[in-house]
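K.L.:
Assemble the whole structure, with the sequences as input and the hints as a guide.
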Amino acid sequence: MSALVGVSDPTDRWRSLDPSDMVQLLTPEGERVEHPDFSWQGDAATLRGLLRDMVLARRFDAEGTALQRHGELGLWPPLLGQEAAQAGAAAALRPNDFVFPSYREHGVALAMGVPVSEMLKLWRGTGQGDWNPQTFRFNLYTLVIGSQTLHATGYAMGLQLDGAEGAAVLAFHGDGASSQGDVNEAYVFAASYHAPVVFFCQNNQWAISEPTHRQTRIPLYQRARGFGFPGIRVDGNDVLAVQAVTEWAMARARRGEGPAFIEAFTYRMGAHTTSDDPTKYRLADEDEHWRGRDPIERVKTYLASIDELDQAWLDDLDAQCEDFGADVRRACHGLEVPDLATAFDRVHAEQTHELRAQKEQYVSWAESFA
Amino acid sequence: MSTLTLGRALNAGLRRALEADPKVLLAGQDIGALGGVFRITEGLQRDFGEDRVIDSPLAESGIIGTAIGLAMRGYRPVCEIQFEGFVFPGFDQIVTQLAKFHFRSNGAIRLPVVVRIPYGGGIGAIEHHSESPESYFVHTPGLKVVTCSHPADAYWMIQQAIASDDPVIFFEPKRRYHEKGEVDEAASPMPLHQARVARLGRDITLLAWGPQVKTCLEVASIAEEEGRSVEVVDLRSLSPIDMVTITDSVKRTKRAIVVHEAHRTLGVGAELAARLGEELFYTMEAPVLRVTGYDTPYPWSRVEEDWLPNADRILDAIDESMGY
Chain A
1 MSALVGVSDP TDRWRSLDPS DMVQLLTPEG ERVEHPDFSW QGDAATLRGL LRDMVLARRF
61 DAEGTALQRH GELGLWPPLL GQEAAQAGAA AALRPNDFVF PSYREHGVAL AMGVPVSEML
121 KLWRGTGQGD WNPQTFRFNL YTLVIGSQTL HATGYAMGLQ LDGAEGAAVL AFHGDGASSQ
181 GDVNEAYVFA ASYHAPVVFF CQNNQWAISE PTHRQTRIPL YQRARGFGFP GIRVDGNDVL
241 AVQAVTEWAM ARARRGEGPA FIEAFTYRMG AHTTSDDPTK YRLADEDEHW RGRDPIERVK
301 TYLASIDELD QAWLDDLDAQ CEDFGADVRR ACHGLEVPDL ATAFDRVHAE QTHELRAQKE
361 QYVSWAESFA
Chain B
1 MSTLTLGRAL NAGLRRALEA DPKVLLAGQD IGALGGVFRI TEGLQRDFGE DRVIDSPLAE
61 SGIIGTAIGL AMRGYRPVCE IQFEGFVFPG FDQIVTQLAK FHFRSNGAIR LPVVVRIPYG
121 GGIGAIEHHS ESPESYFVHT PGLKVVTCSH PADAYWMIQQ AIASDDPVIF FEPKRRYHEK
181 GEVDEAASPM PLHQARVARL GRDITLLAWG PQVKTCLEVA SIAEEEGRSV EVVDLRSLSP
241 IDMVTITDSV KRTKRAIVVH EAHRTLGVGA ELAARLGEEL FYTMEAPVLR VTGYDTPYPW
301 SRVEEDWLPN ADRILDAIDE SMGY
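Top to bottom, those sequences are chains A and B.
Numbering of the first sequence is given in this note's numbering, commencing with residue 1 and proceeding in unit increments.
Numbering of the second sequence is given in this note's numbering, commencing with residue 1 and proceeding in unit increments.
Please keep in mind that the hints were generated in silico from the structure rather than gathered at the bench.
The model shown is predicted, which means the values in this text are computed figures rather than measured ones.
It cannot be assumed that every hint is accurate.
Output of the computed footprint for chain A on chain B, the stretches with three or more beta carbons under 8 Å from beta carbons of chain A [as the list claims (entries may be wrong)]: (1) 64–72; (2) 89–98; (3) 116–123; (4) 141–150; (5) 225–234; (6) 262–268.
Label-pair ranges, simulated between beta-carbon atoms [stated by the list, open to error]: (7) B:V37 with A:G125: 43 to 51 Å; (8) B:T265 with A:G334: 54 to 62 Å; (9) B:K180 with A:Q361: 42 to 50 Å; (10) B:R202 with A:E360: 32 to 40 Å; (11) A:H333 with B:F88: 40 to 48 Å; (12) B:T96 with A:P230: 27 to 35 Å.
Note that the Cβ used here is the ideal one computed from N, Cα and C, for glycine as well.
P.N.:
What follows is the structure, given as structure tokens:
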């Protein structure tokens, strides 16, 4: 018996979900359902497009994990299971919106057009991001948990000051980040200035080994109300519901109606990173439960049930996946290692005498081996 | 030419920066209607509006973190931290985020953010209101760190810091806020990161910055009566350090003492001693000595004058150095 309430205290929210607590438009069984407040407007072709996005994101992720296992990447944080949350959120973006990711949003990055070669640099150890965020409207990954939510809020304040029409910011964070001071400060600033930022929390149930109830004793979306803006929970494995809810939140932000919080209730089906071992802290039946809620399978089931998914299309998708997988591996192997000498020039906009001297010292030492 | 206090000179410099560039914003706690607890931003919100002079929620990390986002959007935020003891809730955003974006993005992201921090002791304050944390920032690659010691520098350096495309930590010697000096608004200022010989001398060089420059100038006057010619160099920039001006001085005097309020161990004085040793080992007649705050937390204010470097301790150090 311990004095503190432990994480093993079984609240098991993933078992006892109240469906009325969560927006859902496509059930895990692939059945299309209606919601009184949210609807998804799109045809079967649009939905096949989302299916394709999710399948390619999953393939990218599988390649990332495999490349790490082959020693080609130092580390990889898998998104397996979160494809709908990311593809659905990305589908809600407009051309002037800007995204601040955490570090697991590979699916969003693909949707924003960030080249896989750029995304792999951080994990391969040949860079620290490197892409120009303005080019892709997608900021560099941020590894310190939650820091990016403040950058997102500041950027949104900038949009307000610019009088930018029809633009808002989408800030990703996870369930663990909800405990960070910076994230709570971001909520305060966003609410106080009425900034056009939407906080998109992928509650994947686990912050490495700690379950969500170590971070919160109420559903995360209910916290938003205390900060003064709406919070909503969506089935994060339902790409239709995620897109519908995110479109609603982004639209109101673009209209100047202030921030919103989305809790995308999902599950990290894999490890936190390739260095993690989830078998040490979670039970197989939990994985089993969530496998039944797979974000991709339910879309396939639904499309098949309305005769909108034929084998030729699936075969073509398979072929695209194989090509894409080969592209990812080629991009990874093709990454060049920048010379350490270039590091000295990257520190400041205006170079300093001291760094110039240290660079010369390094270069002459390195050249002494030539 | 005007006679201004250091505080009013900062106010005038901020005003001129706000006038010169519509992208310049001020953000901080109580900087609007109140004008800041030291009144440095007095009248600026009235004249430039709530969108240019922004009262922030009471959260230092939030102030710095949102300034980063604003800078990404093309703004030039100037953040006010109320006292140096309160910068640490924002320290992570400064060290981990603000300092590194340029490096991580290979220069694609420039963050022209200025963080203004009143620092230093000698004002009889309660705890957390008298410290000198400059070393933490000097030790962080990606930041530039400067500090002014007199009104003309305050007026020009704040404008130069705002114009810099790099993040600048701008330390303000709060003990000197009310001291007056001449400010020539039509002058051409010296470069931001250049040290200044504040007083020429032949026998020994005192290296100081911020609040201790005045103390060292007073010491030089006393020493002159005793027949010693003391040179005083005001570093102005702690990162980068202008070693050209410093070594030029110490080559002539062959002796150097570093004076700073910050704790001794790994203070900027340690860096200066190391660099002078590397560059002028065969020139100097004595080791570089340090007169600094002690390695205790800043003490209760009734004893702070003994804790801070003062004329007596500096004169003793001069005697010691001259004895080699």
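K.L.:
Tell me if chain A covers the region 262–268 of chain B under the three-residue, 8 Å CB rule, please?
P.N.:
violated (count 0)
K.L.:
Can the region 225–234 of chain B be counted as covered by chain A under the rule of three residues or more with Cβ-Cβ separation shorter than 8 Å?
P.N.:
Check failed, 0 qualifying residues.
K.L.:
Does the hinted range 27 to 35 Å hold for T96 of chain B and P230 of chain A at CB?
P.N.:
holds (31 Å)
K.L.:
Between H333 of chain A and F88 of chain B, is the Cβ distance one that fits in 40 to 48 Å?
P.N.:
The hint (40 to 48 Å, Cβ to Cβ) holds, given that H333 of chain A and F88 of chain B are roughly 44 Å apart.
K.L.:
When I compare C-beta atoms, does the region 64–72 of chain B have three or more residues closer than 8 Å to chain A?
P.N.:
holds (count 9)
K.L.:
The region 141–150 of chain B covered by chain A? Criterion: 3 or more residues, Cβ-Cβ distance below 8 Å.
P.N.:
holds (count 3)
K.L.:
Does the Cβ distance between R202 of chain B and E360 of chain A fall inside 32 to 40 Å?
P.N.:
holds (34 Å)
K.L.:
With a Cβ-Cβ cutoff of 8 Å, does the region 89–98 of chain B contain at least three residues near chain A?
P.N.:
holds (count 5)
K.L.:
Please count how many residues of the region 116–123 of chain B have a CB within 8 Å of a CB from chain A and say whether that reaches 3.
P.N.:
It is violated: at least three residues are needed, and the region 116–123 of chain B offers just 0 whose Cβ sits closer than 8 Å to chain A.
K.L.:
Do K180 of chain B and Q361 of chain A keep their Cβ atoms within the hinted range of 42 to 50 Å?
P.N.:
At roughly 45 Å between Cβ atoms, Q361 of chain A and K180 of chain B fall inside 42 to 50 Å, so the hint holds.
K.L.:
Per the hint of 43 to 51 Å, is the separation of the Cβ atoms of V37 of chain B and G125 of chain A within bounds?
P.N.:
holds (46 Å)
K.L.:
With 54 to 62 Å as the target window, see if T265 of chain B and G334 of chain A comply at their CB atoms.
P.N.:
Given range 54 to 62 Å: violated, Cβ gap about 48 Å.
Consistency note: the structure conflicts with the earlier hints numbered 3, 5, 6 and 8.
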